[in-house]
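Just so you know, the sequences run in chain order A and B.
Taking the working numbering, the leading residue of the first sequence gets 350, the next gets one more, and so forth.
Taking the working numbering, the leading residue of the second sequence gets 19, the next gets one more, and so forth.
Just so you know, the hints here were simulated from the structure itself, not pulled from any lab data.
Fair warning: this is a prediction, and the values are worked out from it, not measured in the lab.
Where a beta carbon is used, it is the ideal one built from N, C-alpha and C, also for glycine.
Be aware that one or more of the hints could be misleading.
Listing some non-contacts, in silico: residues in chain A with all C-beta distances to chain B over 12 Å [to be verified]:
no. : residue
1   : T366
2   : R368
3   : L526
4   : H569
Partner residues aside, some chain B positions facing chain A, computed with beta carbon under 7 Å [what the hints assert, rightly or not]:
no. : residue
5   : T85
6   : G87
7   : L167
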Amino acid sequence: MRNAVIKPLFVHAPSATFRVLVAAMIALGLMVADHRYHHLELARATLETLIYPMQYAASLPVQLVRTTQNRLDHEAQLRRANDDLQHENLVLKGRLQQFESLRAENMRLRDLLGSSFDVGERVLIAEILAVDLDPYRQQVIINKGSNSGVFVGQPVLDAQAVMGQVIRVNALSSTVLLITDADHALPVESNRNGLRTIAAGKGSSQELELLYISKNADIHVGDLFVTSGMDERFPPGYPVARVKTVRQDPDNPFTTVVAEPTARLDRSREVLLVWALNLTPAVAPPAPPTAAVGNVK
Amino acid sequence: MTMVMLWMVIINLIVALFLTIVPLPPEISEWRPQWVTLSVIFWCLTAPERIGVFWGFGSGLMLDLFTGGLLGQQALSLALVAYVTITLHARVRLFPRWQQSFFVWIVLLAERLLTLWILGATGQPMPTLSYWLPTLVGLVLWPGLARGLTWIGRHTGAL
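Turn these sequences into a full structure, and let the hints steer you where they fit.
In structure tokens form, the structure reads like this:
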């Protein structure tokens, strides 16, 4: 007994029942603070930076398997992949030639309408960390954090479409809430006829629900919905989802529409983080009347 | 508590956290047992006078951080798991291993039930029946896991 000199003041430690009550109170307090008031962002970011090395270590086995697979690929396979990529590159470059002229034309037409806005974007590629998170939330961890300028609310895309937005940032990594999470919704519009709606997640990785579409709305299976930019968070015009089923339920005052996200939410390895350079189209200065008249020659 | 034992508990919990987030093929990821819960139950049964409610609370908090869940969600359920286990440890320790498994199963079910309640209270969608699969895996794994951990503890001098 090293401490025999010091007489213990409390002979009995607090009972287990007392301890569990204290623990439960703290846990409930934490949950309320985290869920309702978001008071814990800073503490959470700090702790997440500390455990990031361990999360990274947990993703290493999968990375190792991927690297080994790449090493073992035959030369013929690599050559074929290379050919495919070059072919795709050519096609994309061909389309890009038109893109420049179309963009100029679009700007000119918008000038005529007096609703000029320029949207340019800067992107950064981040990698998804191969770890399994809470299976009942739709979220992923990416390997870029506030050191790379990532911020909360930043849109995240993959090669196909919108994936989600950043909800938590720490120094080295950040957490992305996918558009399919039950807590996520974003404003979209139909690419075919401009019908506006909200795409809300349902908690499963394959489905989105399009809300508040009236019974007589013009909507068909296969319609593509793109971001409308009305949230001033997601840049407008990026594909989000394609309509899968359209159903009229007697108990629902609106049409029940289920759409499938076009992003490969459960298969992508790399994502694009987007910085919109100018995202405020709302208050365009009214065009002077002479400008409109001046065009009529 | 000896230093060796403290280290063994910490290493055990870290390994359990690792196993919880290591990616598995989607076909079997629904069967992933509740590693951290199982570890907490084991240590509460083995050293109830040392490992108690606040160890459960702490490992639950780590689990929340690791899996990006609501902060405090697993901390609450693991604190209660630890409480139930140390309250009943004197009786349960005398059971043969296979009977212990059923006690462990009940505790694992209780943990899932609490988490389900929290999911509902925070407005998450209700999970499917596969939500309960990990408890069955835990039931099957328990005898081997307890024997293995006891063996390691004896050989390293932790127990």
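Cross-check of the supplied hints:
1. Not every beta carbon of chain B lies more than 12 Å from that of T366(A), the smallest distance being close to 7 Å; the non-interface claim is violated.
2. With a minimum CB-CB distance of about 4 Å to chain B, R368(A) fails to clear the 12 Å threshold, and the non-interface call is violated.
3. With a minimum CB-CB distance of about 10 Å to chain B, L526(A) fails to clear the 12 Å threshold, and the non-interface call is violated.
4. Under the 12 Å C-beta cut-off, the non-interface status given to H569(A) relative to chain B holds; the minimum distance is some 27 Å.
5. Annotation: interface hint on T85(B) holds; nearest CB of chain A at approximately 4 Å, less than 7 Å.
6. Against a cut-off of 7 Å between C-beta atoms, the interface hint on G87(B) holds, since the closest Cβ of chain A lies about 4 Å away.
7. A least Cβ separation of about 21 Å between L167(B) and chain A goes past the 7 Å threshold, and the interface hint is therefore violated.
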